[in-house]
Each structure stands twice: as structure tokens, then as C-alpha cells.
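Taking the hints as your guide, dock the two standalone chains into a single complex.
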Amino acid sequence: MSHRSALAALGAAGLLLLSGCGGVPTAGPAPGSDQPTAAEAVYAEIGALNGAERRDRLMQLAAEEGKKLSIYTSLNADIADIVVPQFEQATGIDVDLYRADSETVLQRTLQEASAGFAGADVVETNATQMAIIAEEGLFGTYRSEYRDKVNEQFHYDAWTPTRFNIFAPAWNTNLVGPNLVPHSWKDLADPEYDGILSLEVSDYDWYMTLYTHFRQEGMSDAEIDQLFADIVKGAKVAKGHSGQVELLSAGEFGVIAASYTYLTEKARSSGAPVDDKPLVEPVVARANGAGLLRSSQHPAAAMLFLDWMLSDGQKIILENGLTPSVMPDGSDPLGDLKVLPVDVQQLIDEGSQWSARYDEVIRGGEQLPER
Amino acid sequence: MATLAPGAPGVLARTREALVRPRTLVAIGATLVIGYLALIPLVYLLLTTFTDATGAFSLDGFARAYGDPRIGQLIGNSLWFAAGSALVSLVVGTGLAYFNVRTDVPFKALFFAASIIPLVIPGILYTISWIFLASPTIGLLNSLLEPIFGPGTFNVFTIWGMIWVEGLHLSPIAFLFMVAAFRSTDPSLEESALMSGASRVQTFRRVTLPLVRPALLSAALIMLVRSLESFEVPALLGLQNGIYVFTSRIYQVLRGYPVDFAGAGALAVGLLALAALGVWLSNRAGGGSATITGKGFRPRPIDLGRWKPVVGVGILAYFFVTVLAPLMVLLYTALLPYYRPPSAEAFASMTLDNFIKVFNLPSVPTALKNSLVLGAGSATIVMALMAVAAWVVVRSDIPGRQILDHIAFSPLVIPGLVLGVGIAFVYLRSPLPIYGTLLILLIAYCTRYLPYGMRYAVSGMQTISTELEESAHVSGAGWWPTFRRVLLPLVAPALLAGWVYIFVVSFRELSSSILLYTPGNEVLSISIWELYANARFGELAALGVLMVLVLVVLVAIAYKVGARIGLKD
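Residue numbers (my numbering), protein chains in the order written: chain A, 2 to 372; chain B, 559 to 1127.
By construction, these hints were calculated from the structure, which means they are not laboratory data. Fair warning: there could be bad hints in the mix.
Stated by the list, open to error - Calculated pairs, DSS-like style, for lysine-lysine (alpha carbon to alpha carbon, straight line, at most 30 Å):
hint, chain 1, residue 1, chain 2, residue 2
1, B, Lys-927, B, Lys-1118
2, B, Lys-927, A, Lys-316
3, B, Lys-927, B, Lys-915
4, A, Lys-69, B, Lys-927
5, B, Lys-915, A, Lys-240
6, A, Lys-278, A, Lys-339
7, A, Lys-68, B, Lys-927
So here's chain B without its partners, still in its complex pose (with noise of 0.2 Å):
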């Protein structure tokens, strides 16, 4: 209380002074921007989680939404399954970024534009697209293995096939967060353990992990609380065996009327606060660990030298299963009128028929030339306020910061329908003419995609030392030139990687375009909504291989560009 009280000329003085330092104002000004779009939809979740439906305050909504007897089960279902698929995607993610970053495997480009690929395909599809390869029934793989295992060596409606799905879907993410990990530390030090004595696995696991945990710890909380709230993957999956899941509930409480926003409300506060320790404890665990230092460093891929054509075919089977696999299954369903195992007659029915309706939706152009605008648009203001909140929340010694990180951390559990329902209600109320265009998917998108960009951000910034900053104000460089000439360049790969991420993901973005939406303002989500609701699953999938295609190319020349200025090794 004492620092609120007024009566303190000392501290005014120095506070004032405080305040009109650039960099303060720079961070005050990113707090704000961030603050705002943060707590628009928080507060407007947090007023109806309580408040009942004549404005006093209520639990009601805790009782709703937790007083299910099987909420114990629901839980303990959702956990299994989220704990399992992070722990896959962060293996798979962090195996491929450190033989694509820190050794001489071939094909580089083409290798992270396939480890992504995962990524651009809409959960829907991936999904479906498992149920062709694995199901007990129908499943392709199945057929191949028969002959030697007997029927159902694979049974994709089982919690492990739950958890194999969305682990891989998830994969990467935590690949962009390990490439931008590796790039930025010193193999120097795995250098001197090898040399030391330590054999490779001994210094992966001793030296390389422990170095690189700031990001770590930052992709297996996103993982962990995505795969909380995945939905496609349980309720394809999971269903048909009766395993249920948190999102199942959520999506009950949202589906009836009038639309429980209490109940629902309730069930996100209970991701926030498990959110918020998972935030607590990775900035606890993550700081510490800087190892960009003053010593310059040039990151050296490790030769293979005999073990390279057993990695090469390790990383080649891998594709052919998560990556080509699916991909093929879409394929071959994008060719056919409708999805049939293989046989000569669905052979004989192939056509490009699928591919052609693509092209003629109507509102397929404008739909992608607003996604590109609205992805590009937001990967690049997140990531830019990100660079500026990171610095705030690890670097600066300004008060409360900490509570910067937590803010933007919230969308992400915020249901996207109430994510949309909070911003309507805002904007539908204000004198500016944001309602209706662009604009308000725009705000949306950065609101749902901060937490991200704040992850990317802080696990860069984590792993730099101080002393570099300091060098460049004894050499008498102020805030803002060390901002932008040391702190910038440095934190760049994970900035990028953020980028990336953010980009690739809003093309996916449906639960609250969908509502934000104006005639004239489609997305691409909304056209790929609207090919699945009408059952034209030939289509989809020859929408998802076409989404792919651009992807790849995209992503190659992203990696190529960034490879000249010296974004990467």
C-alpha cells in the first residue's frame, strides 16, 4: 500500500523521471496495446462466468459446469490426453528441429517446409484422413499389415490413437519453437562435453536439452493446453468409444439455450488458472539459462559422418507415415467422387472433377487473398508487440510485469465463440466503424494469436544474456539503438519462428471469423466450413492438398529469404 500513497516527493520525482525514458514509454505504450486487446475478451468472460442472467453476482455457473458427476473422469480423460499428445509432438518436434538444425542432413529446405505440413492441414481433415489409414474397419494401413498381423493391428478410436493424432497435428509448434532454440545457442559447449569423454546421447541429454529449456518449457505449456481444448480429435475419435473429454463439455454447455456463457465460462477459468501456473512455473524454470553471450559463435552442423543413412531413413520413414501418408489418403480422395477403399473401379472413377469445383467456388479468391492479408497482418503486429512485451516481462525490472505475460496469455483458453461474442459486443457498441469490415477479423486474430507470439518471444529473450546489452551502454548506446541493433537481430529466430506460426495458423481460424464475418470479408476457413457442412468431402480435400502445395512453396521461399539475411546458421 505504501507505494500508493501519495506524500512521497522523492519517489514522484524519480517516477516522473522514469516515465519519459523512451523505453518506458515504448513499453508502455506495447503494454497498452496489448493490455486492451487482452482484457476485452477476459473481462467480458470473466462478467458472465459471474453474473447470472440479471447482472448480480453468481457461481451458479461453477455448479453447472462442474457439478456433472463424471466432471472427475472428464478431467482425468482430458489430462491423459493432453499430458500424452504434448509429450509426443514436443519428442517428434525437437528430434526433427535438432538433426534439421544441427546436422548435415540433406534436403534442408524441403525437410522444414514437410515438418510443418502438419500444420496448414485443417483439423477436420488430418483427422478424417487417420480414420482412412488407421481405423479398425476401413483402415488402409490394416489392409497392408493383415497378411502379417491379422485384422485391426490399429485401432485410431482409442485414446493412444487420440493421442498420436493430435500429437502429431501439434508437432510443429514445437519444431518452430526447438529451430529457433538450436539456432540460437552455442554448440561450442556440446563440443567441449563430446570432447570431454560424454558419448552424443549422454551430451543431447546433459548439455543440448538443458540448454534450450526455455523453449521447451514454453512449447509444452501451448501443447499442453491446445491439446486441452482440442476438438476435432475427440469428437471424431473419441466418441465412438465413449472417451470424453473438457471440450466435449464445453461444447454441450455452448450448444443449448440460451447459450450457458456462465457454464462455459466457467469451464475456461478453470484452463486459466492451470494456465497461469503453467505460465508461473516455466517463467520460474525457463530463466537462468542464457546462453548467447559476448563470445561469438558460428553454429557448425554436426556430420552424421555413418550414422547419416540411418538418420536419412529414419527422418524418411517418418514423413511416409505422418506425413506423406495422410497426405496421399487426401489425394486420393480429392480424386475420387466419393471416398472408397483402393480397387481397380475406385482406380478406374479417378478424376480432376474435385479440383476443378475448387477452383470455380466463387468465393474462394476473395477468401484467400482476406486470409493472406489477415495472416500476414497479424503474425506481423503480435510479433512486433511481442518483441517489445518480452523485453518487458524478462528483461526490464519495471513492476508487475509478470502480469503482462499472463494477460496475453489468456486468449488462449477463451472459447473462440466467446473470444467473437466479447469482441462483437464491444465493437457493436462503439462510435468507431470497426463492426462489419476487415478490420474487427484483424483484431481478432491478433487477440487469439498473442499468447503465442508472447511464448516465442519470451523463450527467445530468455536464452540471451545480459552482458551483450551491457556491452552496448558502456559503449554508450542508448535504450533504443541495443533495442533494435543487439536485442532484435538476436531474439530474430524466434521472432520469426512466431511469425511463422502465426501465419500458418490463422488460415484455420474459424470459431470466431465465422461470426465476425461480413458478406464481401470471407476467409478460408469459412469456404472449408462450408465444404464440410455440405458433406463435400471431395472438395475439402482437394482444397487441403492445394493448401498444402502453397504452403510448401511459401514456406521454401520464406526459408531461403531468411537464409540471406542471416535469419538462420
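If we strip away everything but chain A, and leave its shape as in the complex, we get (with noise of 0.2 Å):
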């Protein structure tokens, strides 16, 4: 009796679920239909318009929006508490600021299309989760002369480049003397390393960068998975490139394979012992961007807030130790580095069987010896 009962319950719910929602969760965002919404009908307006005349129009269209503007970001407090508040004064614009990590961008952003909610009408975050979003057609046409002047390695159909991860090698200088310092990837494979190198766990983009980068110089695979398996050997893994380097200034790790470059400065500047450079070269660079949603309900503004972060904007993240897409004088950041930039569509297409791949090899690095 008790059993059926529940069964009961549960199917009764179940169909009410159903029933009053339309669709099973796992359907997804329901595509959007073809036809051009009015905030793409502005993007298409102003995409033609360049200059002062383009910064009017904007103006005057955003204060028939009512001032106001949502924006989903994955960019870091300390900077967007920066960003924000100098945009606002710029134009005048009231602005919404959703934070979380990339992930959570990504949920929030598909379940409110599945919705038909208008939440956000931009988003910013991490490369991934950006080309899932323009997957799933929710991104709208954005051109401008700002956008043109990225580094053409970076140039993604429906979002544009705000500023770029770079990883590289970074050490604590107490730990490593400067006959330790690596000078390139493959040096991370030294048994010199061993016992106080550290990998991150979730850093198969990296992975998957560098190995498709050793096949072109014409690496067989075997020596490829040899090399990796050389450096995971006695590497510690950890979760989280921000506990580890607090951990590589704390002396618990004397190397990071891969640490986020602008991680590795901030405790720099605090005054950890830890540096990364000269840089390890070739970086693997991923871009973090911003697209502009085909269900904005303030198309203007967030055209305006996209080309004043890729101008104005710029110049605040390079003075918080971000990279950005562009140099506030119009140069390309990346210009003087041999970069590796991880390929957004190869993430998308083969990132589980590399992620599989990856916690396949770092388990390789299980187990110290004893010493």
C-alpha cells in the first residue's frame, strides 16, 4: 500500500510537472524561432554605424530602454567592481551585475532561454561556455571597429574576445633556484620535478592544447603520452588554480604546470616568492568574451557597454593584471608571445573524450614515493 502510494504520488507529480511545463528538462532551450527579434533589428542598425555618429544613436536608444542594462559575468569581483561603476558614470546606465563561475553563467543563461525569460542582455565568461551559448543560437550579430582589431586567432562568430587566460609554468622562487626555472613544456617532464610540481585536475583544455600542438611538430602520440606521463609522474594534483597558488607561495608545491598568469601576479605583487617569468613559451592562451543576447530587451545599451569594455574597458583590465583582448592603444597584447590558443570548437566537439583522456594520465601521478 505504501509503495503504491508513493509510486502514485510521484507519477501524479510528474504529470503535473509535465503538463503545466510543456517539456522534459532534458530538451533543452527550445531553439529560437528564425524570425529576427527587435533587439537583432539594433544590432543590425547600429552594426553599420562607426564613431561619434554610432555613439549618439546608441545613446538615444538606450534612453528609450530606460537607462538600463543586466549583464551575467564570470569576470572577478575586485575588476568588475572596477568595470561597473566607470561604465555607469560614462553613459549614465544603471547596471544589473549577475556573478558566478562559468558554469553557473552558462545554466542560468540556458535555463532562462529554455523559459523564454529575458534575464541577461549580456553575458561575459569563459571561452567554453561562450560557444555553447552562441551553440544554442541565443547571441545576436555584434560588429564593430573594436571588434576587428583582435588578434585574428580569436575571432568567434556570434561573441568577441574582453581578455585572455594565459597558462604558464609558475614556480616558488625559494623552492626553485634559477637552474630549476623551466624553460619550456617539455622541461616539466625533468625528474628534477618530482615530488614538488603540481597539476590541476580539471585542466584538459590545457591538455588537449599542447598535445595537438606536439602533434604538429610531429610528436607521435607514443612519445606524447610518454612526455605527459614523465611530468604527471611524482606531480601532486590539486583542484583549483587559486588554492594552488596559495599553496606554491606556501612552499607545499615548488612548481605549477599550469597557472593562470594573472593568478601567479597577484601574489607576486602581495609579495609571495613566486614568479613565471620569463614567460614559458609557446602560452596556451583561452579567451574569456561577451555576446550580446537576441532576447535583450536593452540591445542599445548593451551594444554600448560591449564597445566601451573593448576600449575603455581594456585599459582597466590590463591595470588589474588581466590580459586584455586589445591594448588601449589599439595593439594586439599577444603580439610578442608564441601563443597556443585553445580551440573553442575542438573543446566543444571533443572535450569529454579529452577530459576522460586527461583524468586517464593525471592518475598516472597518484601515490608519491615514500621519502
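Structure representation (C-alpha cells):
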């Protein structure tokens, strides 16, 4: 009796949800209709304009929209808290800022889109999540002279890079003397790093990018596998890049295989004995970017923000230790560096295989030999 | 099937009569609210688990989740870790509760507050403090002991280290359960045992422990499930030496694209089955140990006599190692620009900058206010609902009442992100303007903490003998007066313990908060996450220290107030 009533209750509740909500949750966001939205008409109109004419028209339209803007981002609080007030001051637009990790920004955007809820006007987050939202057809087309200045290796159809995350090895200068500083990725396989090297558990995009690079250099898969096995041997696996840098400063680790340069720089500037210069090249770079939502209720304000972010905003990004996508003088911030861009399309198509493979590889790093 | 068939007029009439009784109405009301709260994420979880992208029935999620060749090893590690942590916290929590309630140890209010300190320290901070204390490379305890035992006495990066840290971090749950239980048991039974010649240890083992069995089982069950789901400790301590657990797997399937909700759901369904078994066993074994009877009693603290100094020193040592040492590390970290081992230079570089920065964080005042509102709100709502629900489960003869217990327990095993997405899914489509307000966070918190409220209330109710209600009945009191004036005061210690627990842990809820909050509705856990994500450990440690201070003051006040209105002793 009790089991039957439980099943009946569950079934009834399930039916209620289904009939009331008209779809199974895994069905994902309903593909938007092909009809251009009101926001897209604005994007098309303004996309053809430049300079003062463009800005004046955007300001006029933004005023008609009520001078409001909603941004979803994974930009650090320290920097977002500078960026947003300055934008508000420059334009008089009132910004609502939702901040979370990139996976949550993605989930929220997809959930709201599937319910037809217009939450965000602009989404700004990591490349992978941006590409997924783009693939769901949620972004409108953004054209501007600022976008054209971004490094060509990082041009994506529906979104535009606003900053770069750069992976490079970082080390504790008390534990790693000048003779032990790594100069290439392959150096990390040296047995001298056994016991002091740390890898991050979810860096499969870094792994995929380097692996593909070594292949292009003519190494066989067996050779590359051996190289990574040697890197992983004696390595300590950690979770979270920021925690890794904290433990590097404290001396728990001697070297981090792939640290975000901005986190290393932040620790260094607070006086911690850490460094990553000269950077090991080619650096692995992954874009973070912004896109304009097709469902936006404030398309002009959204466009104004992206224009501003790619011009004046870049200076704030640079001043706060991040890597901008365009230098304030219009030049390419990656110009002098050898760069391996993380291939976003490859990440979407093959990500789960690389993730599974990387998990296998780092498991080789378990159990430090007793010292 | 017979009961479902119409055409039995006698049954119908009796049913109608039963339905309009106030106790039935209240029971139905509470059941509906609990069912509504708990079933939304549960149904969402089951639907996503058993369907594929097109909405057709599918078991692929299970194949993906359990198809990993190492799943056996993962489950083995998980169970070993969970059982160990549950045992550590049970022993520690029970011991502390016993001394606090039953003996005349000094400084009881402080002792009480200190026992629940690990609860308020965010898991990430607590775990990192332990790395600073017991890492073989940089651990402070290891440096202290090196002259005597050589390098690397302790190694926190082992399964034992994980069990130790998790067990201590969970011990306040057991402590709160057992405090309530010890307050509700009649010490005269123990006194009789002692007078009949049993030793103190024998009495504790053969009289005291069986008396508090329902609370013990409830605490064990919750802690077992909690450690199976624990994330920070396995991630920060286990990975380093390749100790992978069940949750690493849930995290892994939730991070891919498209997010594998079916795979994560399949893993959660596994936990659900385990939890259902646990609830069933706990209710079976927990009944029949009612100790609060019509005979009045006054718990009198045992005079420890010549053992008093020994117990006192033991408790001080415990607090030094498990509470004070991690707190000192936090304070030390908070005073430095970045963490480094103690040295003259390190002490010279100390400033209060991190504390000043925390006070200047723009979102913290709003976040603190929202967290207080949500914590107090969800704790009050959940415990009020559970007072009735526990009566339904333990006392009433309503058919299928055990189902309520199982449903209320289910949110415990649903991953926070899935719970958040399930709630967002429903309220994004609801005509009520709840999405994007503080109310949706309140709903999420109430859902999340139903299981704890249920276990606290049920274990409290199981210790109360029916004879008191029967006497009230015989004296002419109806159900409501009996419930309000007899049952509620008796079960109050358990309800208060549950309230304190929910209030405190709600400050840490992150995974569904971060999905559901809107600008202006930030909560404290989001500020903590931001500091962590931005590698601002000094400020994070400072915030942790401040949270502990606030908690100690709040709990000490609650304890005093509780004493005055007779909830204590």
C-alpha cells in the first residue's frame, strides 16, 4: 500500500510538472525562431555605424530603453567592481550585475532561455561556455571597429573576446633556484620536478592544446603520452587554480604546471615568493568574451557596453593584472608572444574525450614515493 | 487495491469523519507543503535521470555513471571515507555532548559554542587550515614535532587525514543531536545501574547509549550521507595522492557539455537508494526506546569528582587540537599579506589590512543581512513543519506515513546544482513572481534543510512515550492542546538543536544560492566564494575569523535564552 501510494504520488507530481511546463527538462532550450528579434534589428542598424554617430545613436536608443542593463559575468569581483561603476559613470546607464563561475553563468543563461525569460542583455564568460551559448543560437551579431582589432586567431562568429586567460608554469622562488626554472613545457618532465610539481585536476583544455601542438610538431602519440606520463610522475594533483597558487606561495608546491598568469602576478605583487617570468612559450591562451543576447530587452545599452568594454574597459583590465584582448593603444597584447590558442570548437566537439583522457593521465600521478 | 475501490459506504463515512478532524487537517497541510518542497527537485532529478535528450525513457545515464571501470574502487573509497568520518564525528560529538549535558564541567556556554565552531568555518578554509597544520612538507604541527619524531609525523593527504578532517568538521551535527537526546533522557535509570554495582563505563555502554539510540542512529545516517557527498575534503586532500571518491565523479559529469544531468542523476539515485535503506533501518531500530514518561525527572549533572581535572584537561586538549589550532592558523593567515611559515619576518609583516578590506567589501553588509534573514527564516519554517511531520511519522496511524519521511530525506542526496536547476526550472515557468526574488532562495534553503529538520524532530519524538499524550487525552484535552502543551515542550530540545544547525549551515549554502540569487539578493556564501575564486585567502581567512566570532556570540546568547525559557536542564 505504502509503496503504491508513493509511486502514485510521484507519478502524479511528474505528470503535473510535465503538463504544466510543456517539456522535459533535458530537452534543453527550445531553438529560437528564425524570426529576427527586436534586439537583432538594433544590432543590425548600429553595426553599420561607426565613431561618434554610432555612440550618439546608441545613447539615444539606450535612453529610450530606460537606461538599464543586465550583465551575467564570471569576471572577478575586484575588477567587475571597477569596470561597472566606470561604465555607469560614462553612460548614465544603471547596471544589474550577476556574477558566478562560468558553469553557473551558462546554466542560468540556458535555463532562462528555455523558459523564454529575458534575464541577461550581455553574457561575459569563458570561451567554452560562450561557444555553447552561441551554438544554442542565443547570441545576436555584433559588428564594430573594436572587434576587428582583436587578434585574428581569436575571432568567433557570435561573440567577441574581452580578455585572455594565459596558462604558464609558475614556481616558488625559494624552492626553485635559477638553474631549475623551466624554459619549455617539455622541461616539466624532468625528474628534478618529482615531488614538487602540481597539476590541476580539470585542466584538460590545456592538455588538449599542448597535445595537439606536439602532434603538429611531428611527435608521435606514443612520444607525447610518454612525455605527459613523465610530467605526471611524482606530481601532486590539486583542485582549483587559486588554491594551487596559495599553496605554491606557502611552499607546499615548488612548481605549478599550468597556472593562470594573472593569479601568479597577484600573489607576486602581494610579496609572495612566486614568479612565472620569463614565460614558458608558446603560452596556452584561452579567450574570455562577451556576446549580445538576441532576447535582450536593452539591446542599445548592451551594445554600448560591449563597445566600451573593448575600448576604455580594456585599460581597466590591463591595470588590474589581466590580459586585455586589445591593448589600449589598439595593438595586440599577445603580439610578442608565441601563442597556442585553445581551440574552442575542438573543445566542444571532443571535450569529453579529452577530459576522460586527462583524468586517466593524471591518475598516473598518484602516490608519491616515500621519501 | 481494495481500499482504492469505491462502494464501501462505511469506509467512506469513516474517512470523511477522519478528514475533518483538526489533527488530520494540520497533518495534511504540513504533508502537502513538505511534499511540494521536496518533490520538485526529486521529480526533476528522476525525470532527467530516466529520459534522454528527446524525452524518451532511457537508462543511458546509469551506463555513463556506473560504466567507469573504476566505479567499484570509487564506491569503496567513498564508503570507507564516509564510514570513518561518521564514526569519528559520532564518537567526538557524543563524548562532548555527554560531558556538556550530564556532568559538571566548567564554562558550559563557552564549551557549547566551541563545540559547534567547526560548523561555521567554510569547508574550504577548514581544510586548508589543516593543510597548513599537518602537511608533511609545510605543516606547523610537523615542524613542532620534528625534533622528537623526525620529519612528517602527520600526513593530512591520506585517507586517515581525510577522515580526521571531515569527521571533525561534521562533529557538531552529532553534538547537537546528542545534546538534545541527553537532555531528554532520565538519569535515574543510570543512577539505578550505578547503585546496582555497574561501573561508569558499563553504565554508559549498556544504559546510556541504548537510551539515546534514535538520536545516535539519526546522526549516523545524516553524517554517512553527508560524507558520501562531501566535496572539499576529497578535492583538496584526496586528489593529491590519487584518492578518488564518488563525488569527484559527480563533479566530473556535471562539468562536461552538454551537462550530463542524467549521469549525475544516476549517481544521486544510487545515493537515494542507500539513504532510503538508512531511513528505514533507523526508524525500525529507533522505535521502542521511549524514555520520557509520565514520571517527572530533573537531569542532575553528575559530579565528576576526582575525574574533573582529567576530563577538564582532556577537553582542553581536544579544543586546542581541533578548534583552536585551525582557528589560530586562520587568524595567522588573516594577519599576513600571504601565507608563509612562522618566522621573525612573517610576524614583522603582520597587519590588519585583510580585516579592513573585509569590512570595506561592498556586498558584505547586504549579504550578511540576507543570510541572517534566510537562515532564521528557513530554520523556523523547517522546524515548524517538522514538528508536525514528525508527529505524523512517529505517532499517527495515517497509512503511508513512512513515505513522508523518505520524501523529506531525499533533498539530502540531490546535488546542489541539480536542486537549484530544478527549482529554477519550475519558477521560471510559474505565473507567481518568485524567480529573481529572495523568496526563491528561501524555498531552496527550506528544501535543502528538510532532511536535517526531519531527523532532528523524528529522533526527538521517538524518545517520548505516548503515555503523556494519553493522560492529556484522558483529562479531556483535544489533539491541538495536547500537541501544543504536552508534546511540543517535550520535543523542544530536539527542535532547538535542529534550528541551530540549519541556521548555522545555511550561511555556507553555495551551489543553489549562486544559481538563484539576483543582484541585490547576494548572500554571505557568495562573498566567500568570490574571495576564494579570486585567490584572496587573507581576506577569506579574516572573514572566517569574523564569522566564528559572530557565531560564538549568537550561540552563547541563544544558550542563555534557552536556559531561561527552560529548554535546557
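Status of the hints after comparison with the structure:
Of the supplied pair hints, the one linking B:Lys-927 and B:Lys-1118 holds, its CA atoms being roughly 23 Å apart against a limit of 30 Å. For the given pair, B:Lys-927 sits about 35 Å from A:Lys-316 by alpha-carbon distance, which is inconsistent with the 30 Å threshold. In summary, the hint linking B:Lys-927 to B:Lys-915 is supported, as the alpha carbons are separated by about 18 Å, within the 30 Å threshold. As the CA atoms of A:Lys-69 and B:Lys-927 are separated by approximately 26 Å, the hinted pair is consistent with the 30 Å bound.
Taking the CA atoms of B:Lys-915 and A:Lys-240, the gap is about 26 Å. The hint holds against a cut of 30 Å. Pair hint A:Lys-278 plus A:Lys-339 holds up; C-alpha atoms about 14 Å apart against a cutoff of 30 Å. For the suggested pair A:Lys-68 and B:Lys-927, the alpha carbons sit about 29 Å apart, so the restraint of at most 30 Å is met.
This entry does not satisfy hint 2, going by the numbered hints stated previously; all others are met.
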